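K.L.:
Each chain is listed here by its residues.
2 protein chains.
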Amino acid sequence: MRHIAVFDHFLNQNHRDQIVKTAADLGFAVTYCTAVDQLPEAERAKYEVLYGNPAPEILRLFPNLKWVCLSSAGVDKYVDDAIYPSSDVVLSNSTGSYGVTMSEHVLMVALMLLRQMPTFQEAARQHVWHRMMPTRSIFGSRVTMLGTGDIGTAVARRMKALGAASVTGVRRTAKPADPAFDRVITFRELTEVLPETDILVSALPHTQETAGVLNRERISLLPQDAILINVGRGTVLDQEALLDALRSGRLAGAALDVMVPEPLPADHPLWTAPNLIITPHISGNMSLDYTCDVDVDFFCEDLVRFAHGLPLLRAVDRKRGY
Amino acid sequence: MRHIAVFDHFLNQNHRDQIVKTAADLGFAVTYCTAVDQLPEAERAKYEVLYGNPAPEILRLFPNLKWVCLSSAGVDKYVDDAIYPSSDVVLSNSTGSYGVTMSEHVLMVALMLLRQMPTFQEAARQHVWHRMMPTRSIFGSRVTMLGTGDIGTAVARRMKALGAASVTGVRRTAKPADPAFDRVITFRELTEVLPETDILVSALPHTQETAGVLNRERISLLPQDAILINVGRGTVLDQEALLDALRSGRLAGAALDVMVPEPLPADHPLWTAPNLIITPHISGNMSLDYTCDVDVDFFCEDLVRFAHGLPLLRAVDRKRGY
Numbered sequence: 193m194r195h196i197a198v199f200d201h202f203l204n205q206n207h208r209d210q211i212v213k214t215a216a217d218l219g220f221a222v223t224y225c226t227a228v229d230q231l232p233e234a235e236r237a238k239y240e241v242l243y244g245n246p247a248p249e250i251l252r253l254f255p256n257l258k259w260v261c262l263s264s265a266g267v268d269k270y271v272d273d274a275i276y277p278s279s280d281v282v283l284s285n286s287t288g289s290y291g292v293t294m295s296e297h298v299l300m301v302a303l304m305l306l307r308q309m310p311t312f313q314e315a316a317r318q319h320v321w322h323r324m325m326p327t328r329s330i331f332g333s334r335v336t337m338l339g340t341g342d343i344g345t346a347v348a349r350r351m352k353a354l355g356a357a358s359v360t361g362v363r364r365t366a367k368p369a370d371p372a373f374d375r376v377i378t379f380r381e382l383t384e385v386l387p388e389t390d391i392l393v394s395a396l397p398h399t400q401e402t403a404g405v406l407n408r409e410r411i412s413l414l415p416q417d418a419i420l421i422n423v424g425r426g427t428v429l430d431q432e433a434l435l436d437a438l439r440s441g442r443l444a445g446a447a448l449d450v451m452v453p454e455p456l457p458a459d460h461p462l463w464t465a466p467n468l469i470i471t472p473h474i475s476g477n478m479s480l481d482y483t484c485d486v487d488v489d490f491f492c493e494d495l496v497r498f499a500h501g502l503p504l505l506r507a508v509d510r511k512r513g514y
Numbered sequence: 193m194r195h196i197a198v199f200d201h202f203l204n205q206n207h208r209d210q211i212v213k214t215a216a217d218l219g220f221a222v223t224y225c226t227a228v229d230q231l232p233e234a235e236r237a238k239y240e241v242l243y244g245n246p247a248p249e250i251l252r253l254f255p256n257l258k259w260v261c262l263s264s265a266g267v268d269k270y271v272d273d274a275i276y277p278s279s280d281v282v283l284s285n286s287t288g289s290y291g292v293t294m295s296e297h298v299l300m301v302a303l304m305l306l307r308q309m310p311t312f313q314e315a316a317r318q319h320v321w322h323r324m325m326p327t328r329s330i331f332g333s334r335v336t337m338l339g340t341g342d343i344g345t346a347v348a349r350r351m352k353a354l355g356a357a358s359v360t361g362v363r364r365t366a367k368p369a370d371p372a373f374d375r376v377i378t379f380r381e382l383t384e385v386l387p388e389t390d391i392l393v394s395a396l397p398h399t400q401e402t403a404g405v406l407n408r409e410r411i412s413l414l415p416q417d418a419i420l421i422n423v424g425r426g427t428v429l430d431q432e433a434l435l436d437a438l439r440s441g442r443l444a445g446a447a448l449d450v451m452v453p454e455p456l457p458a459d460h461p462l463w464t465a466p467n468l469i470i471t472p473h474i475s476g477n478m479s480l481d482y483t484c485d486v487d488v489d490f491f492c493e494d495l496v497r498f499a500h501g502l503p504l505l506r507a508v509d510r511k512r513g514y
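Protein chains in written order, with my numbering: chain A, 193 to 514; chain B, 193 to 514.
Just so you know, the hints here were simulated from the structure itself, not pulled from any lab data.
It does not matter which identical chain is used: a pair holds within one copy or between any two.
Once the Cα atoms are required to be at most 25 Å apart in a straight line, the calculated DMTMM-like pairs of lysine to aspartate or glutamate come out as:
#1 Lys-213 <-> Asp-485
#2 Lys-269 <-> Glu-240
#3 Lys-352 <-> Asp-370
Predicted model only: the values in this text are computed from it and were never measured.
With the sequences and hints as input, model every part of the structure.
P.N.:
So this is what it looks like as structure tokens:
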């Protein structure tokens, strides 16, 4: 019998049954835990596979580890070879399960900013009936989407379905993307497209190449009525520059679901910036049943491949960072 | 020369030029005003056409009036024959120009309720990083849409594009509707579909038949995690019953853009109901350029027909109420 440990913070009984059955058919036994101290030290050598959200610092406690399958899409805390008992350990993620929830989050905050909801809601809190303010629409807007993977594609499809005038995908290398993108450019061309952007969305992971992509100069290239949405990783954005742009009215609004640091301290200036919607890294959290269902399907799919010695479908290149 | 008076609260110079040119080609002169006292009393007899938002009580001041074209879709204040100088005056509206802005409003508030934004925003106001709460998605939801006209159809198309499991249209009489509706039923069958509704949206006008359609009994048939959105007219809904349902947790949330009375007085209990998003009748206001552009196109289109004695495309049946 081979062994899997699942670090569980989101599974229901159906999910657990599905994993146990898939594993049993392949000769694996499954142990569920929520933290490593629930797994007796003397037994840790038996686990070949970890699934879920094991803390990066505990991976080295499993001397015979072969595969870590993260339930998240983001992998930035897991790219350092030094955290693994051996550099041969394969890392995979659950990219593909977050497109629905994150794209719906992006639509929501985009509409809230275009329709001036922060101002309307402040008036409503004061019981004031305040009507006339210009609103705008996704219909007819020019969208620039940083990242053309699962999440970027899910956003692009929905923006087009709502009648966006154009959706430009921006990625590391010129490569074909989903037809929902009107065109795909590389980061080198980003400065040309920013002045013609109404809605800028980043779903970029944290990598050496993406850190600081949305710097002060690039933010200043956006039109004054543009909005900026970040659901990828906070390191992509120069937060000081964003704060300055919002405070001076150089930018119409922004929505950050990711930031530096997380959690945001209670006295951080982002909390009180004008026209900034802050959400606590929830656009892709595991609270949507659909996300959990797909996440478990993905793990079971790759478990079959792992058992048969096949390459995993969602293996991560740790050097590249995604 | 024949004469048109435009009651202008939303036009830009391009719109005014477009109307003047269309009118001139048909032998009409155009006068712009924002209130009737800007039109000298002695000259009011010359106007055959009023366009925009003339107050209902001033229509009788125009003895030779033949056509009132409202820039709104709602006509409830204009259905009484007694407000007109003659019962032969034709009333038309601008149905068709509000689908984009109102459907984007519906998507926004639906997502805000499904994703628990009222709670997340309250935490953010207190600078609290509060993460774990169940969220839901439009993807996979069952939508019931009261009203299958321009606005209902625009909502239905977007809900389907976002992956709603089903969209049921509800209307007065069984009649084919846009293919975005999975099925269309009449109000008689509404009680059967309410227990299987995740998102209930009303875009119904105020008429004798729609008043009180969403009564206490029907609200009680919704599942506990359902949400209710009203962008039509406030008279459709029993507000007391809604308040009770929200306060007791019998209903997950609601968003009202229309209510009784408007404006809502500062001490009205709706302002403080839990999980209720109040907006001041803005889902379809004239602040979106697209809406104004289409509105003017519609007026010019019907002006050509009026000049040639043809039936108007958006004539309203005052007895029916829309």
